[in-house]
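*Asks:* Okay, here's what each chain looks like letter by letter:
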Amino acid sequence: AQSVSQHNHHVILSEAASLELGCNYSYGGTVNLFWYVQYPGQHLQLLLKYFSGDPLVKGIKGFEAEFIKSKFSFNLRKPSVQWSDTAEYFCAVGSNDYKLSFGAGTTVTVRA
Amino acid sequence: GAVVSQHPSRVICKSGTSVKIECRSLDFQATTMFWYRQFPKKSLMLMATSNEGSKATYEQGVEKDKFLINHASLTLSTLTVTSAHPEDSSFYICSADRETFGSGTRLTVV
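Those protein sequence lines, which keep their order, are chains A and B. The number in our numbering is simply the position in the first sequence, starting from 1, with 56 added. The number in our numbering is simply the position in the second sequence, starting from 1, with 911 added.
In short, the hints are calculated from the structure, not lab data. Any given hint could turn out to be false.
[Stated by the list, open to error] The list that follows gives simulated cross-link-like pairs (lysine to aspartate or glutamate, EDC-like), each with its CA atoms no further than 20 Å apart: (1) A:114 x B:1010; (2) B:925 x B:976; (3) A:155 x B:974; (4) A:155 x B:998; (5) A:117 x B:1010; (6) B:952 x A:141; (7) B:931 x B:963; (8) B:966 x A:153; (9) B:925 x B:963; (10) B:953 x A:144.
Given the structure is predicted, the values throughout are model-derived calculations rather than measurements.
Just chain B, with the same shape it has in the complex (with noise of 0.2 Å):
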């Protein structure tokens, strides 16, 4: 079946600095790209959808500054996590529909 391959799986970063998720289709074309964010005991949370060639559509209170999403090909969707804070810690998961999900990836700012 189709595959979603996310990369880091777990990043630890400095205050300020930023950070870059990638999402990577394997086998298949993603036209879109949609991007969850998993707080601890919480539910996921939609932030923004994906669109190769075209802007990113947040959600509302999501920063589009602040998470600069990119779908620069028909198999790859990036997230960056610009400048970022103890508070951007979380788990962020991509997903090509509602079948096929990347692994997730766990930030940690410090």
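Chain A on its own, in the form it takes in the complex (with noise of 0.2 Å):
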């Protein structure tokens, strides 16, 4: 079975400050890996993915991710936040049956 933890519950950060968010899981077999974002009121947004190839994956609206196989890590980052990335992030890995498996989510909130 596949599992996905998110190490950061809750990120408070400045406009302008760099984000990075943590995101381990465990599954034995062809991961692969998403980021998600929830803005308040808002449907989940897929950010970047990662399937195979180049494990430093770009994504949306400045979003990036690294895969670390030999660290089961696929860590998400900005090097410059805005006020509009407040939002919920998630991590989630998926199954060749097109499952998903969440990480609990970060709640980021960016201060102006």
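Need the complex rebuilt from these two chains, each delivered in its own frame; the hints are there to steer you.
*Replies:* So this is what it looks like as structure tokens:
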């Protein structure tokens, strides 16, 4: 069975600060990894995904994530956050049958 | 892009009543729909997978008789919470695939 662990429950930072959210997973099969964002009152949106190839994945809104196989990690980063990045962020691992296992989520609050 | 429309967005019901949540795929056909439940401060948990024209498959620990799932057409999947109790209060989200999610339904059972 797959599982996902997100280390930070709530992160508070100022605009222009750099952001890194940790995500570790355990899964015995081929790894499909995802980061999603949920803005207040909105539905889940895909930020980026990794299936294979270049372990450094670039997504929307200036986010990127790095897949480190040896560490079973897929951390999300953004060099300079904006107030509009305030949201809930979820890491997820997907299996071949399209099911997703989500981490507990990290609330990011960006102060202007 | 693909859009899944989920209704209602919020519903309050009395204990013992049933509530139906609908997810419609707009401009595309969804042969499969995934239903997730999100507890406060918790992650999303997959409840079941609905398949058009066949029975849904439920995850371990999910009561089939309480959470009735129907996928009668390629554009509509429904989740009915039967005989709802306060512990069923939660946020329910449908997903047609790993990139297309409904906006969610906040269910409060009083």
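*Asks:* Confirm or reject each hint.
*Replies:* Now the hints, each set against the structure:
no. : hint           : verdict
1   : A:114 x B:1010 : 16 Å, holds
2   : B:925 x B:976  : 18 Å, holds
3   : A:155 x B:974  : 19 Å, holds
4   : A:155 x B:998  : 25 Å, violated
5   : A:117 x B:1010 : 16 Å, holds
6   : B:952 x A:141  : 19 Å, holds
7   : B:931 x B:963  : 17 Å, holds
8   : B:966 x A:153  : 16 Å, holds
9   : B:925 x B:963  : 30 Å, violated
10  : B:953 x A:144  : 11 Å, holds
Comparing the model with each numbered hint stated earlier shows that hints 4 and 9 do not hold.
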